[in-house]
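Chain order of the listed sequences is C and E.
Heads up: the first sequence begins at 1 in our numbering, then just goes up one per residue.
Heads up: the second sequence begins at 1 in our numbering, then just goes up one per residue.
Note that these hints are calculated values from the structure, not bench results.
A few of these clues could be false.
[As the list claims (entries may be wrong)] Cut-off 27 Å, straight-line C-alpha distance, at most; resulting in silico cross-link-like pairs (BS3-like, lysine-lysine):
#1 C:Lys-62 - E:Lys-99
#2 C:Lys-71 - C:Lys-83
#3 C:Lys-62 - E:Lys-56
#4 E:Lys-68 - C:Lys-83
#5 E:Lys-107 - C:Lys-44
#6 C:Lys-44 - E:Lys-68
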Amino acid sequence: EAGVAQSPRYKIIEKRQSVAFWCNPISGHATLYWYQQILGQGPKLLIQFQNNGVVDDSQLPKDRFSAERLKGVDSTLKIQPAKLEDSAVYLCASSFNAPGQGVYEQFFGPGTRLTVL
Amino acid sequence: GDSVTQMEGPVTLSEEAFLTINCTYTATGYPSLFWYVQYPGEGLQLLLKATKADDKGSNKGFEATYRKETTSFHLEKGSVQVSDSAVYFCALSSGGYQKVTFGTGTKLQVIP
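One chain only, chain C, in its complex shape:
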């Protein structure tokens, strides 16, 4: 079974530039998550999709971050414009779970390490 794929693995940009990250979840997983992990901290949920609908984006800085999951499969996360404090690893995860169907494991991708100069 293929895992969660992310690209690129590394990205270096200057502040005020824009950047996009791509995620391909495990086939059949309805739920997709984007997390931001700043060095020395735990992952922080940015946005959670159930199929192609957003179920939680309460911690997404909507003035600069956007995400979409077209057709309920792949997803992209965009930052425009980037700030220095956006330097972090951006993790994508997916899980099988649907509401009321129990608790399923999240499978994480390798992450994209973003450096904003």
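Got chain C; can you put chain E on it based on the hints?
For chain E alone, kept in the frame of chain C given last:
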């Protein structure tokens, strides 16, 4: 909102020592609890989980018991190995869509 507090690291132990990493949580309702592990150079992966009070999760010699009365989910292992060196994250999920909240992580270093 929900939160997870874990002991700060790094934790340095000799091989075969006993390990405890403390984790406490705050949540509404009845969350599910998890320990995730991140080995050097690898992605996060689930180590164990417990979905209701008094459940014990176990895997690879690690154990954690869901204690509702103390809102805790401490990770233990009787005899650590060098290969257990990693960062360990305590987490909870709650709500109909199982939103996950992570702790800050505890780095474990096991020396021979």
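Here's how the hints hold up against the structure:
1. For the hint pairing C:Lys-62 with E:Lys-99, the CA-to-CA distance comes to about 19 Å; that is within 27 Å, so the pair holds.
2. Using a Cα cut-off of 27 Å, the hinted pair C:Lys-71 and C:Lys-83 is violated, with the two alpha carbons roughly 30 Å apart.
3. Restraint check for C:Lys-62 and E:Lys-56: the C-alpha separation of about 39 Å exceeds 27 Å, so the hint is violated.
4. Restraint check for E:Lys-68 and C:Lys-83: the C-alpha separation of about 41 Å exceeds 27 Å, so the hint is violated.
5. Taking the CA atoms of E:Lys-107 and C:Lys-44, the gap is near 18 Å; set against the 27 Å cutoff, the hint holds.
6. Our distance criterion of 27 Å between C-alpha atoms is met by C:Lys-44 and E:Lys-68, whose separation comes to about 24 Å.
Going through the hint list in order, the structure does not satisfy hints 2, 3 and 4.
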